[in-house]
Amino acid sequence: MTVCDLTHAYHETSGGIRTYIDAKRRYILEETEHSHALVIPGETDRVTRDGRAVTVEVAAPFIAGAEPYRWFRNPRSARRALEYVAPEVIELGTYFMPTEWQPAFAVRNARRRAGKAGIVSIFTHTDFADSYAEGYVSQVLGDRVGKLTGKAAHVYVKQLINRADCAAAPSPAQAQDFHKRGLDVLLASYGVDVKTFTPQAASGAEVRAELGIPPEALFLVYAGRLDSEKRTDTMVSAVRRVNETRPAVLVMVGEGPHRDGLKEEQEAGAPIRVLPYLTSKEALARLFASADLYLTAGPYETFGLSVAEAQACGLPVVGVAGGALIERVPDGLGLLGPVDDDEAMATNILQVAECRDEMGRAGREEVVARFAWEITFRKMFGLYDAALARTA
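Heads up, the sequence shown stops at 392 in the UniProt record's numbering, and the numbers go up one at a time, no gaps.
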């Protein structure tokens, strides 16, 4: 059986979706006899084969204002790529894009007409309706228009999931929300490589010296996209407030539309260090394990993979009471405050700093006990097999 992931959100500096797909490919190659295909937009048309793994890149333009993301402008090109790899399972990682779901369903239907097995699976890596549709529209056109857009987006998502053969979500809250809307969506949490992300990866003094962080300063870290959805401005404002009480530096790792502005703030003296996306998981683990606590302000996380990786490295978390952070950071593992409240975030940073070792140990124990990729993909392949059996 060939399992194919189709998404525009896989590139050199992408985050959770890429981590999930890379882990899936490893699982397929190491634990099964199946094959894995990946279809993504790229700079040029290219096919890369490595045994039972194949990656098909389709020449595609950048998404304006969202580089380095590209999109399948012509759904026929994505369809040709899917027909080339001929998968029994097509999984949509960015399921809300018409130029992705249209060719996926077309290829599935064509396979069935030819008497071949074919299903479409949806994995809801992102909270499209609330985060993208309602969240972004509210910022531009106001809350009233945003809420109307969000309602329409929920209808759209429900139609897509009902059209698919199976679907999964990475967080209990998201899965429960789908269930309330009458949708059968499996809970399949992300996993964490706890051998890489470990407190033993720390090189505290060296990392501080490399980044110019004084020994007495509180060392905070955030890794993820640098954009309005992640509320980078709230984090920077909170750390400025912390510096009124004690020295603190926030290291921000990632790419996105806010990166240039954040670099300018750093150069103007803001207590931040802006680093490019780290392709090496070992380098990211070294950074996490060397820090004092993890900071995040985005209210729409569907799982919070970077949060879990930081917890695996022994870091407590300061965040906001929204999205998956409510599940990821229970009492004793950090503190959550109101969304868009830099003053409350600063207060929580100072409080967590006083008991960070105890909270960090508890966070590590939580991740080790609950999150493993093998569990995730055993669930997913059970989901695929059941869907294939229903449609045989």
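No wet-lab data here; the hints were simulated from the structure. Incorrect hints may appear among the rest.
The calculated lysine-lysine pairs, modelled on DSSO-like cross-linking and capped at a C-alpha distance of 27 Å, are [said to hold, decoys possible]:
(1) K180 with K195
(2) K151 with K116
(3) K379 with K180
(4) K116 with K281
(5) K379 with K281
(6) K158 with K180
Have a look at the derived ranges for each label pair, beta carbon to beta carbon [as the list claims (entries may be wrong)]:
(7) A59 with E216: 49 to 59 Å
(8) P276 with T44: 17 to 27 Å
(9) R181 with Q266: 20 to 30 Å
(10) Q102 with K263: 23 to 33 Å
(11) G142 with A114: 43 to 53 Å
(12) E267 with S228: 20 to 30 Å
(13) G269 with R73: 21 to 31 Å
(14) G204 with T44: 23 to 33 Å
(15) L29 with P172: 38 to 48 Å
(16) E43 with K263: 17 to 27 Å
Backbone N, C-alpha and C fix where the C-beta goes; we use that ideal spot for every residue, glycine too.
Here is how each hint holds up against the structure:
This hinted pair does not check out: K180 and K195 have alpha carbons roughly 37 Å apart, beyond 27 Å. Of the pairs offered as hints, the one joining K151 and K116 is violated, with about 37 Å between alpha carbons and a cut-off of 27 Å exceeded. A distance of roughly 21 Å separates the Cα atoms of K379 and K180; the hinted pair therefore holds under the 27 Å criterion. Our distance criterion of 27 Å between C-alpha atoms is broken by K116 and K281, whose separation comes to about 39 Å.
Between K379 and K281, the direct Cα distance comes to roughly 25 Å. Compliance with the 27 Å bound is thereby established for this hinted pair. The hinted pair formed by K158 and K180 meets the criterion: a straight-line CA distance of about 11 Å does not exceed 27 Å. Between A59 and E216, the C-beta spacing of about 52 Å keeps the proposed range 49 to 59 Å intact. Roughly 24 Å separates the CB atoms of P276 and T44, a value that falls within the hinted 17 to 27 Å.
Distance hint check: the CB atoms of R181 and Q266 are about 43 Å apart, inconsistent with the given range 20 to 30 Å. A hinted range of 23 to 33 Å is violated for the C-beta pair Q102 and K263, which are about 39 Å apart. The beta-carbon spacing between G142 and A114, approximately 49 Å, falls within the hinted interval of 43 to 53 Å. For E267 paired with S228, a C-beta distance near 21 Å keeps the hint of 20 to 30 Å intact.
Distance hint check: the CB atoms of G269 and R73 are about 42 Å apart, inconsistent with the given range 21 to 31 Å. Distance hint check for G204 and T44: the Cβ-Cβ separation is about 43 Å, which falls outside the suggested range of 23 to 33 Å. With their beta carbons about 29 Å apart, L29 and P172 fall outside the hinted range of 38 to 48 Å. Evaluation of the 17 to 27 Å hint for E43 and K263 yields a pass: the beta carbon distance comes to about 25 Å.
Of the numbered hints stated above, those contradicted by the structure are hints 1, 2, 4, 9, 10, 13, 14, 15, listed in ascending order.
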